[in-house]
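Read top to bottom, the protein sequences are chains A and B. What the first sequence shows, in the numbering used here, is residues 87 to 565, in sequence order. What the second sequence shows, in the numbering used here, is residues 87 to 565, in sequence order.
It is possible that part of the hints are untrue.
Each pair may be met inside one copy or between any two copies, as identical chains are not told apart.
In silico DMTMM-like links for lysine to aspartate or glutamate, alpha-carbon gap of 20 angstroms or less [what the hints assert, rightly or not]:
| hint | residue 1 | residue 2 |
| --- | --- | --- |
| 1 | K355 | D402 |
| 2 | K187 | E456 |
| 3 | K440 | D176 |
| 4 | K440 | E92 |
| 5 | K187 | D212 |
| 6 | K355 | D458 |
Quick caveat, the hints were computed from the structure, so don't treat them as lab data.
There are 2 protein chains.
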Amino acid sequence: MSHPAEASRHHAFVDACRTAIGATYVLTDPRDTAPFTTDWRRRYNGATLAVLCPSSAQEVAALVRLAVEHRVVIVPQGGNTGLAGGATPDGSGEQAVLSLKRLNRVRDVDPHNNTITVEAGVVLADVQARAQEAGRLFPLSLAAEGSCTIGGNLATNAGGTGVLRYGNTRELCLGLEVVTAQGELWDGLRGLRKDNTGYDLRDLFIGAEGTLGIITAAVMKLHPQPAARVTALAALASPHAALDFLALAQRFAGPLLTGFELMSDFCLKLVGTHFPQMRYPFAESHAQAVLLELSDSESEEHARALFERLMEHALDEGLVEDAVVAENIAQSRAFWNLREHIPLAQAEEGLNIKHDIAVPISRIGHFIDETDAAIAQHAPGARMVTFGHLGDGNLHYNVQAPEGVDAKAFLKQYQSSINQIVYDSVHRHRGSISAEHGLGQLKIDEAMHYKQPVEVQLMRTLKAALDPLNLMNAGKVIR
Amino acid sequence: MSHPAEASRHHAFVDACRTAIGATYVLTDPRDTAPFTTDWRRRYNGATLAVLCPSSAQEVAALVRLAVEHRVVIVPQGGNTGLAGGATPDGSGEQAVLSLKRLNRVRDVDPHNNTITVEAGVVLADVQARAQEAGRLFPLSLAAEGSCTIGGNLATNAGGTGVLRYGNTRELCLGLEVVTAQGELWDGLRGLRKDNTGYDLRDLFIGAEGTLGIITAAVMKLHPQPAARVTALAALASPHAALDFLALAQRFAGPLLTGFELMSDFCLKLVGTHFPQMRYPFAESHAQAVLLELSDSESEEHARALFERLMEHALDEGLVEDAVVAENIAQSRAFWNLREHIPLAQAEEGLNIKHDIAVPISRIGHFIDETDAAIAQHAPGARMVTFGHLGDGNLHYNVQAPEGVDAKAFLKQYQSSINQIVYDSVHRHRGSISAEHGLGQLKIDEAMHYKQPVEVQLMRTLKAALDPLNLMNAGKVIR
Chain A
87 MSHPAEASRH HAFVDACRTA IGATYVLTDP RDTAPFTTDW RRRYNGATLA
137 VLCPSSAQEV AALVRLAVEH RVVIVPQGGN TGLAGGATPD GSGEQAVLSL
187 KRLNRVRDVD PHNNTITVEA GVVLADVQAR AQEAGRLFPL SLAAEGSCTI
237 GGNLATNAGG TGVLRYGNTR ELCLGLEVVT AQGELWDGLR GLRKDNTGYD
287 LRDLFIGAEG TLGIITAAVM KLHPQPAARV TALAALASPH AALDFLALAQ
337 RFAGPLLTGF ELMSDFCLKL VGTHFPQMRY PFAESHAQAV LLELSDSESE
387 EHARALFERL MEHALDEGLV EDAVVAENIA QSRAFWNLRE HIPLAQAEEG
437 LNIKHDIAVP ISRIGHFIDE TDAAIAQHAP GARMVTFGHL GDGNLHYNVQ
487 APEGVDAKAF LKQYQSSINQ IVYDSVHRHR GSISAEHGLG QLKIDEAMHY
537 KQPVEVQLMR TLKAALDPLN LMNAGKVIR
Chain B
87 MSHPAEASRH HAFVDACRTA IGATYVLTDP RDTAPFTTDW RRRYNGATLA
137 VLCPSSAQEV AALVRLAVEH RVVIVPQGGN TGLAGGATPD GSGEQAVLSL
187 KRLNRVRDVD PHNNTITVEA GVVLADVQAR AQEAGRLFPL SLAAEGSCTI
237 GGNLATNAGG TGVLRYGNTR ELCLGLEVVT AQGELWDGLR GLRKDNTGYD
287 LRDLFIGAEG TLGIITAAVM KLHPQPAARV TALAALASPH AALDFLALAQ
337 RFAGPLLTGF ELMSDFCLKL VGTHFPQMRY PFAESHAQAV LLELSDSESE
387 EHARALFERL MEHALDEGLV EDAVVAENIA QSRAFWNLRE HIPLAQAEEG
437 LNIKHDIAVP ISRIGHFIDE TDAAIAQHAP GARMVTFGHL GDGNLHYNVQ
487 APEGVDAKAF LKQYQSSINQ IVYDSVHRHR GSISAEHGLG QLKIDEAMHY
537 KQPVEVQLMR TLKAALDPLN LMNAGKVIR
């Protein structure tokens, strides 16, 4: 903000915003704006001209028109729980954060249409709760659900634990309301399962991380509530065996199979070390474990009987070395706890190099074998913490320093080269370097490097066409 | 082709195409091109400069580059079974048809990834067959499956009978290979369930009816094969009761419910009149009937037991007036036959006014009540043939001339005004005027009329950005 003409332009913009939505809702004091200018993992520290807190889509549209008039970049933000810095302004202090949190109304719940219409700032857990009140399930579920917003979930096409059966956020959305980069309001809040009347604008805005327009509301799909959810654990010799077991489980359970999570032995041992109250679930040690979940529309008994048949068959075929079916809800919960404590145990063990990758499910075994070998050669003794949504082909493929080695020093020496080994391997297997978390500002360089030039060009063409002034979350997703 | 410069330009284009893909595959003789210039329903008769029959994506790209060089419009065509004239060239004789039928290779079947990679020209029934050989289900199924191609299914985002459980073609696609309007080849053939690395190009090309680029291949999702499919029929008092019954069926059967088709009493009586061998399935007459299908991963017995429990409950609650569960595969087949003979019986009864509409599922009862009343007032005695995919909110809402009235004369007098009554009603209920069939050239005017200006503008912006010369299927979807 060095240039006086710039400063005066920014000042005029902030003033106009105050007039448009009320001075109370335009934050400029650094004590007020601080929570909005740092990301959740504290990797990015930005600065901002102002944090704008509109309360309606009409106010969002008015603010975007002011941004166009004054040429100010808008950084949309929901619960600020993103993992790629997508909602953090840059350090220039010239970008304005637009918080959607006051757009927090549930506009409609329609059980017969199996839909809920929510504004962007509604917290995910509240969407789940409102669905439950109506006797329905909103299946999107992830660690940040108590504070992330549905608008942020849509902007990043969030994944989570229900993808195997219910899909990503994209697959859960039927319609959107969007403020375009020109400050116009598009009402695409259609609650239809079928509509073939032109280009799919909805899916263009989903996953675009606010770089093409601002999602202000959405019609989301609901599902019938299952009568019971039951989990089981299976012990296996390798990720390859886990793949064969997945195919078998899908044959036995079809769409009732809602979870299939891989955990290496080292993951479970790490949990045991740092959370000794959580017991290793098998009598002996096994190379891999899988957590399965069934969501059954009949009963707990039916789900358990199905699991018993599946496990018997898998043991007979030699696919599975041992198996435990949860006997009650508490035990089901305990199995999920094991899985959910892996990242916590890993944090206790020390800093590590994280990857959120996806490959075709059939390639997972080869991907792990090859990448493990390449890392073992490059950084001998490095410990692989491999777990994730095997049923979606999505692994959290994390690398921990060798035992006794200082984690900080290890990261400093190896982070960049190990990232490259992992992403090159992902690329060879036609995978994704960001399965769930998006690009934000964290992974733009890698995305531009690995994508084909024609794909980058198509993305640039769309960005230039829809946001010709580059005011929508500039510096994210594409450059 | 009156202007000599035009004629010479067209001549040069055709010559260059012959050089590019071989003279054998460039059809210009009207006897050869005739099958490509008329649509399946014979509503549109076009003319063409040439029919181009490339055999690979590289050849498609080369032809598009020639089209750009010589400024010739390309009309992509698959099995030519579309219902909206989307694959028929205009009458100018200046557009070239590009047939994808020689791109007919199945490139890969990956059972562990539950995917099949197919070229655009593979016939839908062949995709189904290859999936079955691999022990998997490709659930897209529609009347034209013996001749329509997967490329056409993708270009029109085809629906069909499996949408309730498996989604439209869009939801069955993981990745695309596309020739852009500049003649570049984008390899987006990713078989990933999760990939958040930029804008969703895939869904932009799906449903765009070839107006933004040409789909040359796709990675499609496969599902586990169900162990059994069982159907049942229920008799009900009204569409409103059918909605309550749908919610109940979903609670009992969850994702096992794969079909929920509404048929009015008049539909079944029409079938009985024209196909007397197909018996009315209930002892007494009922206002509405619903065909239900379960796809069960356990067994036929399990599905039948589930149906019995559901029907007992529905009869107890007074939702359902009568019910029959198919006792064997032959009877399941017979129930589907009833449903599938409705359009045939209707054709026997005479010309009629067809609509392929969708509304939110919860609005179906009101939509039918209000629209029936408006039509009864406008065209007394008109007979409503209402049936369709109730579980998707998709109705074939067709209007037949009053008994004894000449159908041709009735259509001449009422087609346009009845269309308007139906589409106005659809619009009031926030529905879609083309649920499954797309816009093609048939419904552009209506789409432009009912869509908000901002949505039309967004579509135009995308079209101009991706196809600035307007050479990709010009005159379809958008104007």
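Hints and how they fare:
1. K355 <-> D402: So K355 and D402 fail the 20 angstroms test inside a copy (27 angstroms) and across (54 angstroms) alike.
2. K187 <-> E456: Answer is neither; intra-copy 44 angstroms and inter-copy 39 angstroms both fail.
3. K440 <-> D176: neither (23 angstroms within a copy, 55 angstroms between copies)
4. K440 <-> E92: neither (40 angstroms within a copy, 60 angstroms between copies)
5. K187 <-> D212: Intra 13 angstroms, inter 50 angstroms, cutoff 20 angstroms: intra-copy only.
6. K355 <-> D458: within (18 angstroms within a copy, 67 angstroms between copies)
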